Amino acid sequence: MKRYIYFLLLLPSLVFAQNKLKGKVTRAENGEPLVGAAVEIKGTSRGTITDLKGQYELRVPNNLGELNIEVKFIGFKDIHKTVKVTGVNTQYDFQMVSNDLQLPDVVVSARRVEEFLQKVPVAASVVSSSDIERRSVYSTIEALNNIPNMMTDSWVASQPTFSIRGLASNFDNVGFESTVALYIDDVYFSRGFGFNSTLFDIARVEVLRGPQGTLFGKNTVGGVVNVISETPEFANNGQVEVNFGNYGFAQFRGKYNTELIKNKLALRLTGAFTHRNGYITDLNSVSNGYNKTIFGGGRGSLYYKPNDKTRVTARFYYGQDVKGENTFVYGSTEDGNPLGIPADTYKSTTSDVPNTFERQQFGGSVKAEFDLKQGRTLTSITAYNNSDDFYLGDNDLTKLSVSSWGRNQKLQNFSQEIRVSSPRDQKLTYVGGLYFLNEQVSGKDTFSLTKDFLPLAEKLMEKKFGRYNDYVETATTNSKISSQSIAMFLSGGYKVTSKLTANIGLRFTAENKKLSYYQPLTYFMDKGKPVGAIDYYAVELGSKSDPYETSTIDNVLSGEASLNYEVNPFAMAYLKYSRGFKGAGFNTSVSGDETGASLVFKPEYVNSYEFGFKSKFNERTRLNGAIFYVDYKNKQEILDQGYKIEVANAARTSGFGAELEFNIMYKRLRLDISGGVVGMRYREFMFGEDDYSGNKLLKAPNATFSVAPQYNVDLGDKYRLVLGANINYTGKAYNDISNYEVIARKAATIVNARAGIMPKNGKWSIALWGKNLTNTRYIQHGFEYEWGNQISWSRPTYVGLEMYLNFF
Numbered sequence: 003m004k005r006y007i008y009f010l011l012l013l014p015s016l017v018f019a020q021n022k023l024k025g026k027v028t029r030a031e032n033g034e035p036l037v038g039a040a041v042e043i044k045g046t047s048r049g050t051i052t053d054l055k056g057q058y059e060l061r062v063p064n065n066l067g068e069l070n071i072e073v074k075f076i077g078f079k080d081i082h083k084t085v086k087v088t089g090v091n092t093q094y095d096f097q098m099v100s101n102d103l104q105l106p107d108v109v110v111s112a113r114r115v116e117e118f119l120q121k122v123p124v125a126a127s128v129v130s131s132s133d134i135e136r137r138s139v140y141s142t143i144e145a146l147n148n149i150p151n152m153m154t155d156s157w158v159a160s161q162p163t164f165s166i167r168g169l170a171s172n173f174d175n176v177g178f179e180s181t182v183a184l185y186i187d188d189v190y191f192s193r194g195f196g197f198n199s200t201l202f203d204i205a206r207v208e209v210l211r212g213p214q215g216t217l218f219g220k221n222t223v224g225g226v227v228n229v230i231s232e233t234p235e236f237a238n239n240g241q242v243e244v245n246f247g248n249y250g251f252a253q254f255r256g257k258y259n260t261e262l263i264k265n266k267l268a269l270r271l272t273g274a275f276t277h278r279n280g281y282i283t284d285l286n287s288v289s290n291g292y293n294k295t296i297f298g299g300g301r302g303s304l305y306y307k308p309n310d311k312t313r314v315t316a317r318f319y320y321g322q323d324v325k326g327e328n329t330f331v332y333g334s335t336e337d338g339n340p341l342g343i344p345a346d347t348y349k350s351t352t353s354d355v356p357n358t359f360e361r362q363q364f365g366g367s368v369k370a371e372f373d374l375k376q377g378r379t380l381t382s383i384t385a386y387n388n389s390d391d392f393y394l395g396d397n398d399l400t401k402l403s404v405s406s407w408g409r410n411q412k413l414q415n416f417s418q419e420i421r422v423s424s425p426r427d428q429k430l431t432y433v434g435g436l437y438f439l440n441e442q443v444s445g446k447d448t449f450s451l452t453k454d455f456l457p458l459a460e461k462l463m464e465k466k467f468g469r470y471n472d473y474v475e476t477a478t479t480n481s482k483i484s485s486q487s488i489a490m491f492l493s494g495g496y497k498v499t500s501k502l503t504a505n506i507g508l509r510f511t512a513e514n515k516k517l518s519y520y521q522p523l524t525y526f527m528d529k530g531k532p533v534g535a536i537d538y539y540a541v542e543l544g545s546k547s548d549p550y551e552t553s554t555i556d557n558v559l560s561g562e563a564s565l566n567y568e569v570n571p572f573a574m575a576y577l578k579y580s581r582g583f584k585g586a587g588f589n590t591s592v593s594g595d596e597t598g599a600s601l602v603f604k605p606e607y608v609n610s611y612e613f614g615f616k617s618k619f620n621e622r623t624r625l626n627g628a629i630f631y632v633d634y635k636n637k638q639e640i641l642d643q644g645y646k647i648e649v650a651n652a653a654r655t656s657g658f659g660a661e662l663e664f665n666i667m668y669k670r671l672r673l674d675i676s677g678g679v680v681g682m683r684y685r686e687f688m689f690g691e692d693d694y695s696g697n698k699l700l701k702a703p704n705a706t707f708s709v710a711p712q713y714n715v716d717l718g719d720k721y722r723l724v725l726g727a728n729i730n731y732t733g734k735a736y737n738d739i740s741n742y743e744v745i746a747r748k749a750a751t752i753v754n755a756r757a758g759i760m761p762k763n764g765k766w767s768i769a770l771w772g773k774n775l776t777n778t779r780y781i782q783h784g785f786e787y788e789w790g791n792q793i794s795w796s797r798p799t800y801v802g803l804e805m806y807l808n809f810f
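The sequence shown runs 3 to 810 under our numbering.
It is possible that part of the hints are untrue.
Stated by the list, open to error - No farther apart than 25 Å at their CA atoms in a straight line, the calculated lysine to any residue pairs in the SDA-like style are these:
id, residue 1, residue 2
1, Lys497, Val87
2, Lys257, Tyr281
3, Lys734, Pro798
4, Lys429, Ser500
Unchecked claim - Okay, the calculated beta carbon distance ranges per label pair:
id, residue 1, residue 2, range
5, Lys516, Ile768, 47 to 57 Å
6, Asn248, Ala653, 15 to 25 Å
7, Met463, Ser695, 30 to 40 Å
8, Phe510, Arg670, 13 to 23 Å
9, Lys86, Phe510, 57 to 67 Å
10, Val242, Lys86, 28 to 38 Å
11, Leu807, Asn714, 16 to 26 Å
12, Ala599, Gly494, 36 to 46 Å
13, Arg61, Ala573, 28 to 38 Å
14, Ser350, Gly468, 26 to 36 Å
15, Ala653, Met805, 13 to 23 Å
16, Phe275, Gly534, 41 to 51 Å
17, Asp692, Ser545, 26 to 36 Å
No lab work stands behind these hints, which were simulated from the structure alone.
Note that the structure is predicted; figures quoted are calculated from it, not measured.
The C-beta atom is built at its ideal place from N, Cα and C for all residues, glycine as well.
All chains should be built: construct the whole structure from the sequences, respecting the hints.
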């Protein structure tokens with residue numbers, strides 16, 4: 003009887019224990035848990051939703067057997083599955099596949115291994131290939147318009163400027179390296195004149211804000227721009243694209259991918275050609291004939307996978323610019339027009355020396371990856387790059403013959419990196435390795451004065467000069483820099499608890515540089531005596547047989563430390579300290595220092611403190627942000643007055659800022675919003691007898707804001723209309739350290755838009771696009787001269803038609 007009573011008491015619990023179906027609902031692409039997914043038994047009222055860990059528990063009918071289960075979640079394809087319930091607690095997991103109504107995952111290699119952006123404690127933004135397409139992006143400069151606290155400009159293709167969080171470098175001579183590190187496919191470019199060109203076949207562009215001194219090394223005090231190109235795939239496909247617009251714009255791009263050996267070897271070839279007339283009209287017809295962009299280039303890559311543990315990618319490229327647009331006009335000074343002629347209008351100038359630009363680039367890299375035991379990966383990257391460009395232009399940009407300036411700059415570098423990385427899902431993770439860079443850089447600047455400078459020279463030098471129609475005097479700088487850099491680095495993370503991770507990284511860099519420099523002067527002789535107006539700007543220094551030589555050595559420890567806390571599976575916060583440096587360098591421009599001592603400037607160091615967060619409330623929204631404080635020692639700055647370029651170290655510079663990025667996908671609307679504010683000033687900065695303390699940094703806008711909506715409209719079952727806009731605001735910024743208002747960049751809002759139609763299978767696309775639709779203008783760059791200012795205006799309204807066809 004007692005046994006019977008016990009059985010009756012236990013019977014309800016036994017029945018209920020047997021009637022449970024439980025498991026986990028995750029995202030098929032990356033295994034992330036899905037919160038709030040609906041799990042139901044079809045045809046009944048029984049159902050539940052997943053918790054914060056993506057887990058569900060569902061009571062099932064008493065009769066055990068097969069159940070028809072439905073799993074639904076916004077942004078994912080519904081699952082209909084027959085599940086057999088077999089025991090007390092039947093375990094069944096579901097993996098859901100996303101559809102186009104959700105935000106795609108973003109991958110970034112901020113820690114030199116590919117990870118999901120939301121899991122990395124770094125302030126990073128990624129411009130994907132789809133972003134590049136839907137915004138009709140055609141160059142590196144354009145690709146970065148939506149990054150918070152970032153500003154770019156380029157007065158000629160070989161002289162781009164990248165500013166991140168108010169930290170920028172002007173490439174005004176070959177001895178001045180970038181404050182923002184520039185990478186293509188994990189290969190470092192120390193100077194921008196080999197970096198900015200037409201984009202094609204790009205997988206993504208990554209921007210890491212703040213010092214990245216551990217894994218990316220020197221010259222990352224502002225951040226990193228890393229362009230990642232597409233990798234060949236084991237398939238046969240291709241694409242051709244044609245593009246036409248105003249100002250004679252024509253661009254042709256194509257790519258072809260083929261599998262050479264099944265599942266082992268693939269080849270990818272891409273090419274591009276661009277033609278565009280200049281938007282500044284030169285009233286001198288001869289000079290205007292040179293005023294256009296003509297570029298052609300190609301890229302090839304091989305992907306070899308001999309087995310499951312080895313992957314080798316070989317890349318090579320070639321590009322050639324035949325001509326380049328003139329973006330400058332003659333502008334007045336605060337004191338009027340020293341030459342006695344009016345300033346140019348916005349869209350025209352008159353030059354007596356044609357604006358000439360030519361550039362040739364080529365190189366390649368081999369990246370080999372080997373899977374080791376315990377999930378570790380050994381990576382080797384070997385690379386060679388070569389860039390050679392030439393520029394010659396009218397320095398006064400008037401019908402008068404006052405001055406001309408030319409530059410030939412060359413770069414060759416060889417680099418080798420070897421690193422080992424652990425899996426990122428372990429309690430202890432690490433990346434460590436060795437890096438070597440050998441670089442040879444040379445530059446030749448030619449600064450000439452001609453006949454119409456002599457009246458101005460009398461005022462400047464307080465002496466009388468004759469008048470000579472054939473007067474020419476020239477200072478020619480010849481510089482060669484040989485640089486070798488060796489580094490060791492190690493970065494690791496340790497999971498203190500299931501939610502808290504501590505990260506630390508160190509990098510030791512040993513770098514030595516040697517400069518060989520000589521500057522001869524060519525005088526105009528009058529009755530056996532030199533006229534000597536060139537002496538106002540330059541002195542004889544060294545000679546070809548006996549150049550001025552000097553060297554620098556830097557042995558520097560940089561690194562970072564951070565804590566990141568996982569609030570829940572969809573939100574993370576972090577605290578980070580990082581230290582970066584940029585090595586000593588050389589001023590290779592026209593010099594008036596007969597000792598040569600001013601040609602060398604000291605290394606700079608930065609300490610950065612940052613708090614950031616990353617959150618993804620669901621599969622349709624993402625919100626990331628950061629606040630930061632930067633403290634700079636010996637910041638390298640250029641006093642660029644066009645005719646004289648001097649470099650000095652600002653003893654102390656500091657500032658703070660914040661940035662925010664928000665992305666949302668709602669039904670057919672995608673909206674990307676980003677913004678940033680920054681306040682950077684020189685705290686202690688004496689440059690000779692001039693005190694620049696309190697001035698704002700050059701190229702440091704006080705705010706940036708971007709809105710990029712895209713809306714998709716179905717046209718029946720087969721076609722889709724895609725409407726997009728890209729609205730970018732950049733606050734006021736100064737183009738020099740003296741904060742000269744006449745050449746300052748005013749605050750401006752640029753509106754771009756695109757409307758395209760395509761089949762839903764993505765086979766082809768036809769789109770109309772427009773850039774700077776409000777025809778907003780601002781000064782993107784400027785130089786000061788005694789005879790007036792050179793002003794580089796921003797681009798006007800561009801409109802065009804884009805068509806592409808995919809071959810599958």
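Q. Out of the numbered hints, which ones does the structure contradict?
A. As far as the earlier hints go, 1, 2, 6, 8, 10 and 15 are violated by this structure, in ascending order.
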